[in-house]
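Peer 1: Quick note, the sequences are listed as chains U and F, same order. According to the numbering used here, the stretch in the first sequence is residues 1 to 424, in order. According to the numbering used here, the stretch in the second sequence is residues 1 to 424, in order.
It is worth saying that the hints were derived from the structure and are not from the lab. Certain hints may be false.
Any copy will do: because identical chains look the same in the list, a pair fits if it lies in one copy or spans two.
To be verified - Calculated cross-link-like contacts (lysine-lysine; reagent style DSSO-like; alpha-carbon spacing at most 27 Å):
| no. | residue 1 | residue 2 |
| --- | --- | --- |
| 1 | K330 | K31 |
| 2 | K129 | K8 |
| 3 | K90 | K298 |
| 4 | K56 | K311 |
| 5 | K77 | K275 |
The residues making up each chain are set out below.
Protein chains: 2
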Amino acid sequence: MEYISMTKDQLQAEHEKVSKAFEALKAKNLKLDMSRGKPGKAQLDLVSDILTVLAKPEDCVVDGLDARNYGELAGLKCAREYFAEVLGCKPEECFAGGNASLTLMYDTISKAYTHGLLHSEKPWAKLDKVKFLCPSPGYDRHFKISQSFGMELITIAMTETGPDMDAVEEAVKDPAVKGMWCVPKYSNPEGIIYSAETIDRIAHLKPAASDFLLMWDNAYCVHEFDGDYVPFPDMLSLCREAGNPDMVFEYASTSKITLPGAGVSVMAASVDNMKYMTGLLGIQSISYDKVNQLRHVKYLQNKAHTLELMKKHAAIMKPKFDAVVNTLDKEIAPLGIATWKRPKGGYFVSLDTMDGLAKRTLALCKEAGVVMTGAGATFPYGVDPRDRNIRIAPSLPPVEELETAIDVFCTCLKLAALEKLLAV
Amino acid sequence: MEYISMTKDQLQAEHEKVSKAFEALKAKNLKLDMSRGKPGKAQLDLVSDILTVLAKPEDCVVDGLDARNYGELAGLKCAREYFAEVLGCKPEECFAGGNASLTLMYDTISKAYTHGLLHSEKPWAKLDKVKFLCPSPGYDRHFKISQSFGMELITIAMTETGPDMDAVEEAVKDPAVKGMWCVPKYSNPEGIIYSAETIDRIAHLKPAASDFLLMWDNAYCVHEFDGDYVPFPDMLSLCREAGNPDMVFEYASTSKITLPGAGVSVMAASVDNMKYMTGLLGIQSISYDKVNQLRHVKYLQNKAHTLELMKKHAAIMKPKFDAVVNTLDKEIAPLGIATWKRPKGGYFVSLDTMDGLAKRTLALCKEAGVVMTGAGATFPYGVDPRDRNIRIAPSLPPVEELETAIDVFCTCLKLAALEKLLAV
């Protein structure tokens, strides 16, 4: 029975029941973490062979180049080729970096501020106002980069097919709007794959800003955990064909393919952008860790072999997502107090409570020893205008712990809803 | 006989002889590189065991933390402890980063521009003018970072004991002077160790700028190749004692201890600076490569063990420096056309020709197939006002190749001098 249809007596009886359950869970002194998209230990153990794939000096030489020494700012040729195959672009459009694509994203924005981009009239630091489009719910670390530089963050609603493109097309008429954050495949947190139409409309944008920066974070490009690999178009080609060759910077990494703290990142962009950016990046670095790049290429080999590995990750991930979504389907769906999606890839389940319940639900979770991503984190400035979106990250805990954690979560969600309905 | 004392006939005879030697060398179609401070293959092979020091999942866990996963922005505890011992500061003052200290230096300056430092009134990007002190000859990549941000580079003369401190103390009275580059031990390129008095005067500077930034690049902190390890004071303590606790940022890395492209870097600063900078660095990175940090700590163990390894590097390096300096002593010293020092650590030999000969000498070297660091590179804007300083980097070529290269160099230097003396 939906809570909304219950009488006050029924709600009070339910509140008493759920409160008891909550107290019982609290008494367990749990310490569980569903806060971040961290792979679990079983996933890390999957790839242990990468640790020793380079064992001798001669293993470190590739294409006549010693990966151990300085040089090759844009990365090993074989690493650029590997990423080009995975992303569907060209090797010369790929810059293989260090362990974090987030750092490459930050570097791009930072350089826009200090030096300007290829088509900037001046560095963004010299502008009175810079605005950036933030499809929301979205990735908190993206928004925090923009916020850190003092940009005005413009919330764009997410739809089933990606960002609300009518709103985006309208917004980019403002020359102060300098770019947009996108996680186009298995969006963080909703797990939405942008539709072909959405992608086409993005590629064909006619921004007033000549240096509009499309931040295309393809973080989950091969990260299906339910079903087969879903092909995805190369945004560099689409932008080029649409007459916007230099608008897009794409990012990805092996953080959730091999080791989260010790993977290899990639930035892909037009050859003109690559030339411009390597000119700037060459001031801050002689080269990134090519030994780790070579380790990765030898271990991952190519896209087909990578997809085989991703099937093994999927076998670990799917039961965790099932545990979350099946429990929500069973425990919460009948009560009518929240909605969510069943994603097929990525790292999150996005849940919307009734308006105004996200903060309270997560405060209760914390009380019961379950840490979740902070309420509001998926919106600009950390403020969810309807206080309803909750990002659930099921990847880190083992299934048994996860089942307890999601049990806690459902109890807290019910309690928050009952408190609200009883207070009316 | 010194060239300067030769008659025109003697000079012409010598010119003929040296020209022939030059043509003979050119005919060998050499391709030798003394341009950068790159370790040679024998040095890289020294540390091959580091490749497999982490082989199994359980090897990757330290202090209860799995180095493979996300987290620990400031680096593994054991890595911070390792660097603190090497540098003589405290673990909580150390930030263990990625593969390049250059990147940490760039990040510090970049954040001064975009966000300001701890004691900045505003971000440097908002200032009309930023000036930076560049003791010269110095490291080209330092100067290029400053230049890239549009700073005005102020040349400070280097003396036998470090930067000319009278000039430095005068210069910092200008509030637009925001900092200074230093390589205090085995300075690049001269191999000078700053004297205790110089260091003390630097620590006691009273800059007009409240956010004066002392860039203390301790790149060669354990890099003796001739004689025993030379202890060096902890600049963080000295600045703290002098009432300038937040003035200094120190940098170092294992690039020339283990693998140049795949080492670990460190930034050391006061705890207040550390808190401020990690707040900013946390926007651009979740964490650096902790697997590589752990690899390094397990392999290098501690300072004493590191110094043992450095003795092995020294055994490879010393014959190369001897080859260069002994040849110069034998071939060039009697001619009175250049001066140089015999360093005991670091990666370079710095040579001053007679005024106006550096460019021509290096152009001749290039013609004969020997690549050297570009003339002027050791001065701000790449312009050596007396066109005389040449940085020789003997580390990369094997000794046999090096002997040929230095032979070419001496021949070119003689030829350039003779051309000049005959043209008078």
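Peer 1: Take the hints in turn and mark each one as holding or not.
Peer 2: Quick rundown of the hints versus the structure:
1. K330 with K31: within (24 Å within a copy, 72 Å between copies)
2. K129 with K8: Close neither inside one copy (51 Å) nor across copies (69 Å); limit 27 Å.
3. K90 with K298: Within one copy only: 20 Å inside, 39 Å across.
4. K56 with K311: between (30 Å within a copy, 22 Å between copies)
5. K77 with K275: Cα proximity of K77 and K275: one copy only (16 Å, versus 38 Å across).
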